[in-house]
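> Here is how the chains run, residue by residue.
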Amino acid sequence: MLRYVELYFKLVGAGIRAQLQYRFAFVMRIVGMITAYSGTAITMWVMLYQFQELGSWNFYEMLFLFAIAILSWGFCIILFFHFRSLDTYILNGTFDRFLVRPINPFFHFMAMKFDVAAFGQFIFSIFIFIWVSIELGIDWSFGKFLFLLASIVGGVLIQGGLLVIISALAFWTTKSEQFYWVVMYPARNLTNYPLVIYPKFVQWFTAFVIPFGFVNYFPAAVILGKETPFFPENIGYLAPIVGIVFFVIAYYIWMLGLSRYKSTGS
Amino acid sequence: MVPIIEVEHLMKDFKIAKRETGFAGAIRSLVKREFITKEAVKDISFTIEEGEMVGYIGPNGAGKSTTIKMLTGILVPSGGSVRVNGIIPYENRQKNAKNIGVVFGQRTQLWWDLPTIESFELLKEIYQVSNERYEENMATFTDILGLDEFLDTPVRQLSLGQRMRADIAASLLHDPPILFLDEPTIGLDVVAKEKMRTFIKEINKERNITVILTTHDMEDIEKLCKRMVLIDHGQKVYDGEISVVKDRFGKIRTLVVDLEESDCILQLSGGKVFKEEGNRYWIHFNRDEVSASELIAQITSTHNIKDLTVEEPEIESIISRIYQEGFQDLPNPVKV
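Those sequence lines, one after another, are chains E and D.
Taken in order, the first sequence gives residues 1 to 266; the numbers are from my numbering.
Taken in order, the second sequence gives residues 1 to 336; the numbers are from my numbering.
It is possible that part of the hints are untrue.
If you want a taste of the chain E side facing chain D, the calculated C-beta under 10 Å gives, among others [stated by the list, open to error]:
no.	residue
1	Ala18
2	Gln21
3	Thr94
Estimated spans, in silico, between C-beta atoms of each pair [as the list claims (entries may be wrong)]:
no.	chain 1	residue 1	chain 2	residue 2	range
4	D	Asp152	E	Asn58	37 to 47 Å
5	E	Phe106	D	Asn131	24 to 34 Å
6	E	Thr43	D	Val31	37 to 47 Å
7	E	Phe106	D	Arg280	35 to 45 Å
8	E	Val31	D	Glu219	47 to 57 Å
9	E	Phe201	D	Arg156	41 to 51 Å
10	E	Leu149	D	Pro3	48 to 58 Å
Far from chain E, some chain D residues (derived; all Cβ distances over 12 Å) [said to hold, decoys possible]:
no.	residue
11	Ser65
12	Gln106
13	Ser130
14	Ile144
15	Leu160
16	Arg163
17	Val190
18	Lys201
19	Val244
20	Glu261
If you're looking for bench data, these hints aren't it; they were derived computationally from the structure.
A quick note: this is a predicted structure, and the numbers were derived from the prediction, not measured.
For glycine and all other residues, C-beta sits at the position ideal for the given N, C-alpha and C.
In isolation and in its complexed conformation, chain E is listed as follows (with noise of 0.2 Å):
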């Protein structure tokens, strides 16, 4: 375990390393992910100009469930985005590279790169939130700020989780990339609103199926004091496990694809 950490350590400094060979590329990028974000957060403000609130959320609340969903996204690149190109290596060829070296093939894969360009979204997220904090007064205790960090990283597992299990799609398919449009893209743009705002089915979707409603909208309900209406009060605290247990599906998912691999070959 411990000779894990270690390695992943200097798998990941590689990976920064060789990301940093491209400086252009890489400062361009987190400029253009902090324009893009906000971007987002002028289109809401936009939009709240005319209505005040969208499903008693105001302008404020609403910037802050952005911002749980941008920094933990943030962290979820830094982490598993390396996933979203397994199918490239199955497509030609390299991923039998992880095969034939003596660690465990999903570690070996998810430390091989690592998106430091998210450093945008932290930048974005953390302005956000201090400026949140002081529109709404919101009063951080100990135990506030230590929920919305466990939420956080409930949110970066379901995320990844969620990524793990498209990119093992390309196990069975070969191309996984549409799959990322179809399922991953419309998950987390539903997540830049309350799910308050939408029907029922697409809440209870977004609860128990893919669980992106608890990347931040239970739990900014939580720090925020909102009602979550259709569930049960407090379903927010549920997040870090919710992140787990969907992570540990994930991972299962993969090693399943995996051994299918192993008896295709491609």
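Fit chain D to the supplied structure of chain E, relying on the hints for placement.
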């Protein structure tokens, strides 16, 4: 002698989706897919002893890579058994990985964007190579392969020859007793090929590493291996000494002559024109029946020769002859 690799009645089937041709066919196969079973490896058995260097050859799609993938633990066989250094690779893949070095000639195992030295340092961690052993190996490999001229260059900027040298050194860093080389000289120039072969020979001799080599370059096999396993359509067709095959089928030489005139009909006793292009003629002859000089004399009596060469038989052409003539009357395989 101790067998280090034991393969018995190895089989591997693949299910492949049948593709229909044309647009209508593509739509049809989208809705209803039919599968055909392809037996990539049908029934292959062989044992390889410690320190042996064996050429594993066959035409494209014969099942070479599939076999290697089963030996390395990447693929699970559909039937039969494999044992590599006492371990069943697909059951104990990670343990097996420590015993083997693998070089895929067409795909690097190194970190593409990083200076070459970093790949070695990372592999040292992955394989848990001790500091002393790492230093020793690096010193040896640097010495023989001249790694120092490009250790600080990112892998993507290396020439193919340099990259192959780095790849083979990387595969040996953890002192594996077995080395799999898949097309190790593909795309290299003559000098780089020669360097690579010298190195492979040396590590085989000095470290007693068992080497299994798949290649299309018959010179590789001739220069490196005593024994070859020839497979085709997933089955073993020959297993034994290269010299036996060479003696049996290697008596046929090719005389290539450029004549001053074209469209000649050459009637030669002991030789047979099997290809002509403009005024160049390729003639097969059996060196036991007729000598090259006799043949040349026959031609010069009626035509003027501008240029000529006598080609040594390559195993490649020997193999195609074996295919044409069948294996029935081949000497019994030396090893089973």
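> Over 12 Å to the closest beta carbon of chain E is the bar; see if Arg163/D clears it.
holds, 14 Å
> Against chain D, with CB atoms and a cut of 10 Å, does the hint on Gln21/E hold up?
holds, 5 Å
> Per the stated criterion, does the least C-beta distance between Gln106/D and chain E lie above 12 Å, as a non-interface residue requires?
violated, 8 Å
> Once the closest CB in chain E is found, is it more than 12 Å from Glu261/D?
holds, 51 Å
> Just checking, Ser65/D versus chain E, shortest CB gap more than 12 Å?
violated, 9 Å
> Does the claim that Ile144/D lies outside the interface with chain E hold up, using a Cβ gap greater than 12 Å?
Non-interface label stands for Ile144/D: nearest chain E Cβ at 23 Å, farther than 12 Å.
> Take a quick look at Ser130/D and tell me if its Cβ sits farther than 12 Å from every Cβ on chain E, holds or violated.
holds, 14 Å
> Indicate whether the distance between the beta carbons of Phe106/E and Asn131/D respects the range 24 to 34 Å.
The hint (24 to 34 Å, Cβ to Cβ) holds, given that Phe106/E and Asn131/D are roughly 28 Å apart.
> Starting from the range 35 to 45 Å, see whether the pair Phe106/E and Arg280/D falls in it by beta-carbon distance.
violated, 58 Å
> Compute the least Cβ-Cβ separation between Val244/D and chain E, then decide whether it is above 12 Å.
For Val244/D, whose nearest Cβ neighbour in chain E is about 33 Å away, the distance exceeds 12 Å, so it holds.
> Would you check whether Thr94/E satisfies its interface hint, that is, whether its CB is within less than 10 Å of any CB in chain D?
Since the shortest Cβ distance to chain D is 5 Å, the answer is holds.
> Is 37 to 47 Å respected by the C-beta to C-beta distance linking Asp152/D and Asn58/E?
About 57 Å separates the Cβ atoms of Asp152/D and Asn58/E, which means 37 to 47 Å is violated.
Violation of the numbered hints given earlier is confined to hints 4, 7, 11, 12; the remaining hints are satisfied by the structure.
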